[in-house]
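Taken in order, these protein sequences are the chains called A and B. Heads up: the first sequence at position 65 corresponds to 65 in this note's numbering, and the numbers run straight through without jumps. Heads up: the second sequence at position 171 corresponds to 171 in this note's numbering, and the numbers run straight through without jumps.
Rather than coming from a laboratory, the hints here were simulated on the basis of the structure. A couple of the hints might just be wrong.
In silico DSS-like pairs for lysine-lysine, Cα to Cα no more than 30 Å straight-line [as the list claims (entries may be wrong)]: (1) A:K126 to B:K126; (2) A:K219 to A:K253; (3) B:K253 to B:K219; (4) A:K219 to B:K126.
Computed far set for chain A versus chain B, every beta-carbon distance over 10 Å [what the hints assert, rightly or not]: (5) L53; (6) R62; (7) V135; (8) A170; (9) E198; (10) A250; (11) G280.
Glycine residues also receive a C-beta, built at the ideal position from the N, C-alpha and C atoms.
Now for the letters of each chain:
Number of protein chains: 2
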Amino acid sequence: MGAAAGEGAATGSGPVGVIAGGGMLPLEVAEAIEAAGGRVVVAGIDGEADLVLRRPDARSFRWGQIGGAIDLMASRGVHDLVFVGTITRRPDFRSLRLDAGTLRRLPRILQALVGGDDGVVRKVLKLIEAEGFHVRGIGEVAPALLAAEGPLGRLGADDDQIEDARFAMAALAALGPYDVGQAAVVMQRRIVALEAAEGTDRMLARVAELRQLGRVSTKGGGVLVKRAKPGQDLRTELPTIGPATVAAAAAAKLAGIVIEAGRTIIADRQETIAQADRAGLFLVGLPGEGDAA
Amino acid sequence: MGAAAGEGAATGSGPVGVIAGGGMLPLEVAEAIEAAGGRVVVAGIDGEADLVLRRPDARSFRWGQIGGAIDLMASRGVHDLVFVGTITRRPDFRSLRLDAGTLRRLPRILQALVGGDDGVVRKVLKLIEAEGFHVRGIGEVAPALLAAEGPLGRLGADDDQIEDARFAMAALAALGPYDVGQAAVVMQRRIVALEAAEGTDRMLARVAELRQLGRVSTKGGGVLVKRAKPGQDLRTELPTIGPATVAAAAAAKLAGIVIEAGRTIIADRQETIAQADRAGLFLVGLPGEGDAA
């Protein structure tokens, strides 16, 4: 993972600015930076970043005050910014003129940095970068959150399941140039679901539905596979799993989850792994490179 | 299209045996064969093949009597068999020991001919072929049902929409080796949905849902793209559209539909095109070859 982090990994000199939404991940990112000897300045979005805002040093801000949050970062000597966490409420972006759909999840901002096609977001990021900040990826500032290789919980995958996972990883790799396909569900070398705009949890809900309809084997089994794009680096929005992913995979009666080692983020790691163990699902990290179509 | 039909196109000597499920397509296949100077022997599945069974020459059979239907074909001098039409009820396959899920749609039988992984279906097809029959594809025996190139209805696609369609066609082509990806929905070079086991209509229902949720542009627009696998020949199960496809695309507020010319079947062509015209959707045939990843 050290090699994959590339040049400019982690913090450099000053503290890392964490612009935070909801969920455990912002807290974990801040703690991982600190555990690695770095410092953070945390600004959490009012009404979203409840967990991270329990940190006494965290400031909250409303969407309309994002300029103030940026000013705070500058005054604290921040150069590296990371956007992390979920957004559940439609923000009021009239002041910023951003597309609310695009910003539903803050990490999507990062997509704009690597060729995402939303001109408005790119413009905002350019403004931020023009003020002297570097927008970093979670995998870059907090590599400890990336999945390791091998079984991450109690259970492992058998050879046939690993073969399934490699098959799906290769299919997703083939989609890389088209900027789609972060996840798939595969059963005996048959890909039964491919993720696009719906996100992983909805894709898994669909598999549960297809089982009930008898469109896929009603017996259970199959693997959720998540991977980054081939060549995708840690500065960009990486595939992420968490407890909700495990719950959705269990509801779809899958046998387990295979994620790309070194380039997938596990949010709420302890609970995610514990939940996989409880549900009897394997959770395995597998290298994703070298498998183009 | 003549070249794509390959050797052994259409009927050869005897009549073509049409084993029929529901929908207009079995009727259209039979009529297309006759319009091209061929003859047919039609056997329709009881309770499914209502439309084709209006033909006075059509025989009906229950799933348990499929052996009798095959015998009928042999007694009439049939060598070429085509399986066509939809199956809505779970057939009673105890006698045949087939997987009901696999046979939900009869055309899937054909997949087994080209490397499908269902050993049982392949075994049944081998039995049928061992009796001296050749199982043919719809595109092979009824090439008149294949989509032509260019606008098929009143409306055409603009350059930007064609560019979107080419982008999605290339992405689907990249999935060809993985035997998945007969359809996608694309909006401004962003692929928002990829079809796997759910089928096209469910994928389109998902796009309608994602619009309501604001996960894709709520303004409407976007293109449904369907194509065969690169190199897929007319003997295999080809992508098919019909009035239900158009209705689902309209409900998803798409701008139109692009299908691969020469390798996509249009069921109930007149109604399909009329419905696209009424809904204000373009329906365009586009060549699909030469666009590998």
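Under the constraints set out in the numbered hints, which ones does this structure not fulfil? Numbers 1, 8 and 9, in rising order.
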